[in-house]
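K.L.:
Sequence:
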Amino acid sequence: MVGWVVSGVAFWWTAFLLARGAFPKRSYDFCNRAVSAAHAAAAVSLACLSVADWSRPLSPLAAASSPPQMKALAVTLSYMVYDAACCYLNDDVRVDNTVHHLVSIVGIAAGLAYRRILFAVIFSVARMGFGPYLTYVTVTADNPILIKAMATGLQLVSAYWFLRILRMVRHKLGKKRPAPKVAGD
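Anchor point for the sequence shown: position 29 equals 29 in the UniProt record's numbering, and the numbering is continuous, going up by one each time.
Read the hints as simulated data drawn from the structure, not as lab findings.
These numbers were taken from a predicted model, which means no experiment stands behind them.
It is possible that some hints are incorrect.
Here are the simulated lysine to any residue pairs, SDA-like style, with alpha carbons at most 25 angstroms apart [to be verified]:
| hint | residue 1 | residue 2 |
| --- | --- | --- |
| 1 | Lys71 | Leu154 |
| 2 | Lys148 | Ser158 |
| 3 | Lys71 | His101 |
| 4 | Lys71 | Lys148 |
| 5 | Lys71 | Ala47 |
| 6 | Lys71 | Phe11 |
| 7 | Lys71 | Leu17 |
| 8 | Lys71 | Ala43 |
| 9 | Lys71 | Ala113 |
| 10 | Lys71 | Ala110 |
| 11 | Lys25 | Thr14 |
| 12 | Lys148 | Pro132 |
| 13 | Lys71 | Ala42 |
Restraint-style ranges between C-beta atoms, simulated for each label pair [as the list claims (entries may be wrong)]:
| hint | residue 1 | residue 2 | range |
| --- | --- | --- | --- |
| 14 | Val51 | Leu163 | 16 to 22 angstroms |
| 15 | Ile105 | Phe30 | 22 to 28 angstroms |
| 16 | Phe162 | Ser45 | 20 to 26 angstroms |
| 17 | Arg26 | Phe130 | 29 to 35 angstroms |
| 18 | Arg26 | Phe162 | 36 to 42 angstroms |
| 19 | Ala41 | Tyr133 | 24 to 30 angstroms |
| 20 | Thr98 | Gly3 | 24 to 30 angstroms |
| 21 | Ala52 | Asp96 | 32 to 38 angstroms |
| 22 | Ser66 | Thr140 | 35 to 41 angstroms |
| 23 | Val137 | Pro68 | 21 to 27 angstroms |
Just so you know, even glycine gets a beta-carbon here, dropped at the ideal spot from N, CA and C.
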């Protein structure tokens with residue numbers, strides 16, 4: 001997976017440089033957003049392709065990630081590394097942006113490395129601990145309505161996945177408990 005991440009970072013940088021060459025009169029931010037849109041399309045496509053059974057897309061519950069799922073995570077991790085560096089090079093270093101990138105990078109890397117409960121913990125703390133604050137900052141700032149809607153939508157999706165993770169943790173921890181004894185046994 002390290003190879004996927006390294007080559008992915010190189011790919012995103014190349015895409016950015018191609019965008020800068022194709023749109024020389026456009027801003028740095030515009031070209032970065034073009035790469036961001038390409039990443040969004042690639043991430044959704046890879047995530048859809050990684051689902052083995054669409055009748056039960058979340059099954060088996062709490063299973064280790066499949067190789068296609070690992071590749072989808074590696075592509076997203078490589079994008080997050082690229083985007084963090086891009087923000088730094090564009091002097092766009094803000095607390096909320098830095099926390100977003102660091103939490104995403106650490107969370108996805110942990111998901112790739114451990115494939116299990118640590119990812120759930122990091123996701124939960126990041127998205128449900130820091131996420132509402134970052135959503136509040138985004139919604140109350142002077143941002144376009146589309147950015148506010150996307151931040152709110154992301155938080156709602158995070159809440160949904162947080163509930164799914166809680167269900168997975170309950171299922172995982174519930175399997176380790178001994179069965180209750182029935183009276184008369």
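K.L.:
With reference to the structure, classify each hint as holding or not holding.
P.N.:
The hints, checked one at a time:
no.	hint	verdict
1	Lys71 <-> Leu154	holds, 22 angstroms
2	Lys148 <-> Ser158	holds, 15 angstroms
3	Lys71 <-> His101	holds, 19 angstroms
4	Lys71 <-> Lys148	violated, 30 angstroms
5	Lys71 <-> Ala47	holds, 9 angstroms
6	Lys71 <-> Phe11	holds, 14 angstroms
7	Lys71 <-> Leu17	holds, 24 angstroms
8	Lys71 <-> Ala43	holds, 10 angstroms
9	Lys71 <-> Ala113	holds, 12 angstroms
10	Lys71 <-> Ala110	holds, 14 angstroms
11	Lys25 <-> Thr14	holds, 18 angstroms
12	Lys148 <-> Pro132	holds, 13 angstroms
13	Lys71 <-> Ala42	holds, 11 angstroms
14	Val51 <-> Leu163: 16 to 22 angstroms	holds, 19 angstroms
15	Ile105 <-> Phe30: 22 to 28 angstroms	holds, 24 angstroms
16	Phe162 <-> Ser45: 20 to 26 angstroms	holds, 24 angstroms
17	Arg26 <-> Phe130: 29 to 35 angstroms	holds, 32 angstroms
18	Arg26 <-> Phe162: 36 to 42 angstroms	holds, 37 angstroms
19	Ala41 <-> Tyr133: 24 to 30 angstroms	holds, 29 angstroms
20	Thr98 <-> Gly3: 24 to 30 angstroms	holds, 27 angstroms
21	Ala52 <-> Asp96: 32 to 38 angstroms	holds, 36 angstroms
22	Ser66 <-> Thr140: 35 to 41 angstroms	holds, 40 angstroms
23	Val137 <-> Pro68: 21 to 27 angstroms	violated, 35 angstroms
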